[in-house]
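*Asks:* Residue numbers (our numbering), protein chains in the order written: chain W, 1 to 216; chain C, 1 to 216.
Derived from the structure by calculation, the hints contain no laboratory data.
Wrong hints could be hidden among the right ones.
Any copy, or any two copies together, can satisfy a pair, since identical chains are not distinguished.
[To be verified] Derived DSSO-like pairs (lysine-lysine); straight-line CA-CA distance at most 30 Å: (1) 133 with 109; (2) 180 with 67; (3) 45 with 33; (4) 31 with 106.
For reference, the chains in residue letters:
Protein chains: 2
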Amino acid sequence: MTLSEENYLKAIYHLSDTFDGGISTNAIAEKMKTKASSVTDMIKKLSEKELVNYRRYKGVELTVEGKLVAANIIRKHRLWEVFLVEKLNFTWDEVHDVAEQLEHIKSEKLINQLDEFLGFPKRDPHGDPIPDKDGNVSNHTDVLLMTLNKNDKGIIVGVKDSSSSFLKYLDKQGIALGKKIKVIDKEPFDNSMKIRIKKEEFTISQQIANNIYIKK
Amino acid sequence: MTLSEENYLKAIYHLSDTFDGGISTNAIAEKMKTKASSVTDMIKKLSEKELVNYRRYKGVELTVEGKLVAANIIRKHRLWEVFLVEKLNFTWDEVHDVAEQLEHIKSEKLINQLDEFLGFPKRDPHGDPIPDKDGNVSNHTDVLLMTLNKNDKGIIVGVKDSSSSFLKYLDKQGIALGKKIKVIDKEPFDNSMKIRIKKEEFTISQQIANNIYIKK
DNA sequence: TTTAATTTTTAGTCTAGTCTAAAAAAATAA
DNA sequence: TTATTTTTTTAGACTAGACTAAAAATTAAA
């Protein structure tokens with residue numbers, strides 16, 4: 001498994017989460033910030049290794065084996081994120097680039113010991129679930145804040161967008177995982193909503209509400 | 001800095017420790033398990049970047065900058081080794097391959113926080129000194145067990161050979177860092193020595209004694 | 001259903017890092 | 001000091017992974 005192969009598998013895995021059926025060459029190219037022709041080359045290679053199913057012009061799907069490999073990389077990524085935040089005092093908007101490197105370290109023992117050292121965490125600092133050794137992910141039944149209605153209540157459990165700028169915005173507003181939230185009002189015109197967190201009320205845009213997961 | 005460049009710098013750094021003056025192409029090739037022609041190519045590249053001084057047929061020496069880069073990689077390697085042993089229950093003969101990967105992770109913050117998290121350790125699990133941020137290494141004034149004479153005493157502080165097989169041998173014999181040792185007798189014929197550790201006496205060959213560092 | 005636009009693939013090129021084989025320089029021996 | 005051996009470098013080829021430009025297949029529009 002080369003670094004590049006691993007990154008392609010991860011990208012396909014994430015795209016499969018959002019879209020059904022074969023993932024298009026262009027979609028992968030965009031996600032990987034590379035060119036479609038490069039994607040075609042790599043897909044052929046992954047197909048040879050039976051990590052993806054591929055029919056020309058029809059896009060790709062991960063095989064069972066490919067899915068396992070990808071889930072394992074994501075498992076490592078998220079466990080390292082927990083480590084960075086819990087043990088090394090990183091903030092949740094600083095961890096991504098480093099975890100992106102650490103996820104490629106190869107050692108079964110390392111990752112299992114790390115898991116234990118961290119107390120077998122179930123979610124990373126952004127609220128995303130950590131796959132287990134067999135690639136099983138506790139499925140995300142949580143809903144987007146956007147879908148709540150007036151007077152609905154819940155707990156913030158995750159974010160969809162993990163970009164540094166978004167996370168910094170949340171920190172500034174005092175929006176953090178585990179906080180209780182209540183929808184005070186919802187504006188039908190632009191879907192913005194007035195929310196309450198810890199007795200403080202303020203308004204957020206639909207764009208923000210569309211990137212926060214809530215457990216009801 | 002590519003992975004390959006980093007590995008060459010590290011190899012040259014280690015070789016400079018043992019040999020004075022320019023490090024030969026062949027010596028690097030042997031250490032890196034590659035061919036002399038590949039070494040020549042890479043040396044040219046490192047020379048362009050002013051990380052080594054190079055004169056055709058005369059071998060290489062690290063520049064001040066090159067030495068700093070190399071020391072930094074070794075710093076990372078050794079800090080990760082401490083982490084693996086102290087926090088993740090690795091044994092000292094298991095850490096090398098994983099640390100070899102982890103040493104290439106790029107993040108200033110990561111390594112400084114790790115250093116702090118580990119309590120600013122001075123030595124790795126094999127007793128080797130950990131360079132500081134500026135590449136300074138507390139110089140190894142310790143002597144090889146081989147150089148001790150009858151009735152000399154000391155404390156085991158390091159090993160020269162970190163191969164898994166050697167470390168396993170030491171574990172089996174109960175030879176560990178920090179243990180007090182006394183030379184009971186030394187055989188002039190083959191330089192083997194009878195030693196005592198914790199009231200137990202046994203004989204070791206010169207080869208073994210040549211790979212253990214002692215603080216007198 | 002033929003044409004136009006879009007997507008995907010192919011063909012060929014480039015770079016980093018490796019290799020083999022041969023040439024050149026340096027070190028050693030006669 | 002010349003000949004031989006060893007070391008180092010050069011020349012040229014190979015692979016992975018990327019790229020550009022052009023061809024082919026598919027999809028959408030007229």
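*Asks:* Looking back at the hints listed earlier, which ones does the structure fail to meet?
*Replies:* 2
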